[in-house]
Amino acid sequence: MKKISKFQVIKFLGISFNYFILIFMSIIILFPLFITLMSAFNQKNSLFSITLIPEKISLTQNFIHLSTRTSYWHWYLNTFTISIASTLGALMIIIISGFIYSRYRFKARKPALITLLVVQIIPPSSTLIALYAIANSLGIYQSAYSVPLTYLFMIFVYITTGSTINTIIMKSYFDSVPRDLDESAKIDGASHFQIFKDILLPLVTPMIVVLGVFTFLIPIGDVIMPRFLLASLHSKDTTLALGLNTLISDFKNSNPNIFAAGAILAAVPPVVIFFIFQKYIVSGLTAGGVKG
Amino acid sequence: MKHNIVYIISLIIPGSGHLLLKQWKIGVTGVMILLAEILTIIKFIVPTLQLAAFKQNDGRLTIGAEPFIHDSFIILIGAVLGVVLLALFIIIHLVYAINAQRIANEIALYGSITTRWNNISGEVIPNLIITPKFLLIFGFILLPAVVSIIVAFTNYRTPILPPAFLIEWRGFENFAKLATDPRMSALFYETLSWTVVWTFSSSLLVISLGILLAVMVNNKYIKGKQLFRTIFILPWAVPAFLTILIFQYFFSRLGAMNSIIIPWLTGQPYSLDNTIPFLINPELAKITIILIQGWLGFPYIFILVTGILQTIPSNLYEASSIDGGNAFSNFFHITLPLILISASPVFITQVAFNFNNVVIIYLLSGAVVTPVGSMYSPLETIPSLGFRLMLDSRFNEAAVFSLIVTSVVGIAIVFSWIKSGAFKNEEVM
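Sequence lines, in order, name chains P and D. Reminder that position 21 of the first sequence reads as 21 in this note's numbering, one-by-one numbering, no gaps. Reminder that position 303 of the second sequence reads as 303 in this note's numbering, one-by-one numbering, no gaps.
Next comes chain P alone, as it looks inside the complex (with noise of 0.2 Å):
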């Protein structure tokens, strides 16, 4: 028999442990979602459920029960196109500057990148006082189109957030491309905007997927600025955020089970986006360091 030493039997103790709060921390990740994920399939019309598994499973109940009881499609129409507005709006800044920044050498080039990163100081939130009282001034909630105005006043305001830091990080991806490939196109008759179009453009569209990601999740997840200047009452003008929101905090109303199928359809979009591009993201998280 092979004796075992006192390194081996601490060398497994030290992975039995590991392993163990691995698998622990695990389970604390998976179990609410998990939770959610069940409650969604919950035939039961009950307010809560004593079992993991649920005794009647339907799989679509909840689902119709959404789209009947609440106005869960309107929410879900009216964030991702403020999303998709945005990130288009803000893609097109970001590239088209950011081209500029790396291949262009012009008097206002330093003070304009400075500018970028200093804006950074000022927190998203602490402007919004001034921007409803703007969104006030230009007549906006007086009009007879005030939500869709209040959008594209938001969706302005996205795209601008948006494309301070990461015209920067893109500036930064471009400068890795080396310009000698600028000179030698440039050489065989391209011009400016063909070396944009045909040479750059692919070779930066990692970094592209990734920025578009970022600023695709940034109106999804946010609770604020739609909260404090959306002012229509109507159940149906609002965002994801704020509408399931009324769904989980208003038990009168619904059930957590309705809640929790329509959390279930919110998460699908961004989840399976970001698992598509995880490679992209991971990797321009660690090079960029930037803020998730």
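Think of the hints as simulated: they come from the structure by calculation, not from any bench. Virtual Cβ for every residue (Gly too), placed ideally from N, Cα, C. Hints may contain errors.
As the list claims (entries may be wrong) - Below, in silico cross-link-like pairs of lysine-lysine (DSS-like), each with a Cα-Cα straight-line distance of 25 Å or less:
#, chain 1, residue 1, chain 2, residue 2
1, D, Lys220, P, Lys279
2, D, Lys223, P, Lys279
3, P, Lys11, D, Lys225
4, D, Lys220, P, Lys11
5, D, Lys2, D, Lys25
6, P, Lys6, D, Lys220
7, D, Lys225, P, Lys279
8, D, Lys25, P, Lys107
9, D, Lys223, P, Lys6
10, P, Lys107, P, Lys186
11, D, Lys223, P, Lys11
12, D, Lys22, D, Lys2
13, D, Lys43, D, Lys55
14, P, Lys44, P, Lys56
15, P, Lys197, P, Lys186
16, D, Lys55, D, Lys223
17, P, Lys110, D, Lys419
Claimed, not checked - Not the full set, but computed from the structure, chain P residues with beta-carbon under 8 Å of chain D:
#, residue
18, Phe20
19, Leu22
20, Ile35
21, Ser137
22, Tyr141
23, Thr164
24, Gly221
25, Ser232
Once you've looked at the hints, dock chain D against the given chain P.
Just chain D now, kept in the frame of chain P:
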């Protein structure tokens, strides 16, 4: 010395120096700009600034002279714009003066001009392309930030809303209220102590959990690294507001914590009467909310530290094992210092982020029992209290809180820049 003369006269009348140097086109443009400046100052800036601090007959200093005719807020924005325009005019004069001086120098040295003012492809096009972005930044970040600060010095709050009322200047009254007004100061100091506890304990939890799990998963004897990493990234992939709402229900009297986990741990059947008020009792809610933030926040640090761990050369550990180092001494003498060195700027911004995290407080403080006589939940932090005050249309008091928040976040971010050497780094610039 001709170049000094053109410098000084160009400062006063932009273009005059260029005219003297026979640069007709630029000279005439400069004089036209001056005329436009004078027109703007007379027609817009002076009247707006006069209205921005109008002395009423009863001695009050208001923004605008008459309600309904003047909208105080528009005048306030106009005044800020006016000041910005004045600064812009000064910059234009300076640019003209410097340019005239350079041209004079060149004429003196070479007899003609070698550099062109209008280098179309090099200067104008890049500036033209980045200008819209800076207009957006000015309109949606800088201007609102400045106006929000100014609001802290006024009485802009719920009944006094323009255009029916004129906003009044109140100096430091709103700041003084934090110290003098008994209710306000009690609220402020209670909130302040909880804010400090919340910021540091949640950051500490997030950072230590992230480091610990990353190091544990990275252990070479652990199998299934990919599975653990995928699970630990999950809280980051699901939008935070969703998980916060899930936890709001999870920890409620009806939620799974009370109906499934506690009965399973204690063996007692679930009944509504002996549930634990996780998010109702203030003290318990404070602990719960910190734990939830730990759950939500650690994946970011986890990913970051996992990345750093891949860069630590393994021969460091080999050298340590020759010297008789064990797992603990390796962690405290090699791994942890190296992580702290590369990630400390991120940790600082993480602290700032937790401090300014209004969403979690706003969504979870709804059920907490509010003490008698208090208007706001004991879970409110300085940033979230500022947000509550905004929702109650107490804008002037909220602005004071916003100013505090901006200062704290700003200092933290500048500190993290110094740590990471952002300004020195040629890569960034």
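Cross-check of the supplied hints:
no.: 1; hint: D:Lys220 - P:Lys279; verdict: 21 Å, holds
no.: 2; hint: D:Lys223 - P:Lys279; verdict: 20 Å, holds
no.: 3; hint: P:Lys11 - D:Lys225; verdict: 18 Å, holds
no.: 4; hint: D:Lys220 - P:Lys11; verdict: 12 Å, holds
no.: 5; hint: D:Lys2 - D:Lys25; verdict: 20 Å, holds
no.: 6; hint: P:Lys6 - D:Lys220; verdict: 20 Å, holds
no.: 7; hint: D:Lys225 - P:Lys279; verdict: 15 Å, holds
no.: 8; hint: D:Lys25 - P:Lys107; verdict: 21 Å, holds
no.: 9; hint: D:Lys223 - P:Lys6; verdict: 23 Å, holds
no.: 10; hint: P:Lys107 - P:Lys186; verdict: 23 Å, holds
no.: 11; hint: D:Lys223 - P:Lys11; verdict: 15 Å, holds
no.: 12; hint: D:Lys22 - D:Lys2; verdict: 13 Å, holds
no.: 13; hint: D:Lys43 - D:Lys55; verdict: 21 Å, holds
no.: 14; hint: P:Lys44 - P:Lys56; verdict: 6 Å, holds
no.: 15; hint: P:Lys197 - P:Lys186; verdict: 13 Å, holds
no.: 16; hint: D:Lys55 - D:Lys223; verdict: 76 Å, violated
no.: 17; hint: P:Lys110 - D:Lys419; verdict: 21 Å, holds
no.: 18; hint: Phe20; verdict: 10 Å, violated
no.: 19; hint: Leu22; verdict: 6 Å, holds
no.: 20; hint: Ile35; verdict: 5 Å, holds
no.: 21; hint: Ser137; verdict: 5 Å, holds
no.: 22; hint: Tyr141; verdict: 11 Å, violated
no.: 23; hint: Thr164; verdict: 7 Å, holds
no.: 24; hint: Gly221; verdict: 5 Å, holds
no.: 25; hint: Ser232; verdict: 15 Å, violated
Checked against the numbered hints listed earlier, the structure breaks hints 16, 18, 22 and 25; every other hint is satisfied.
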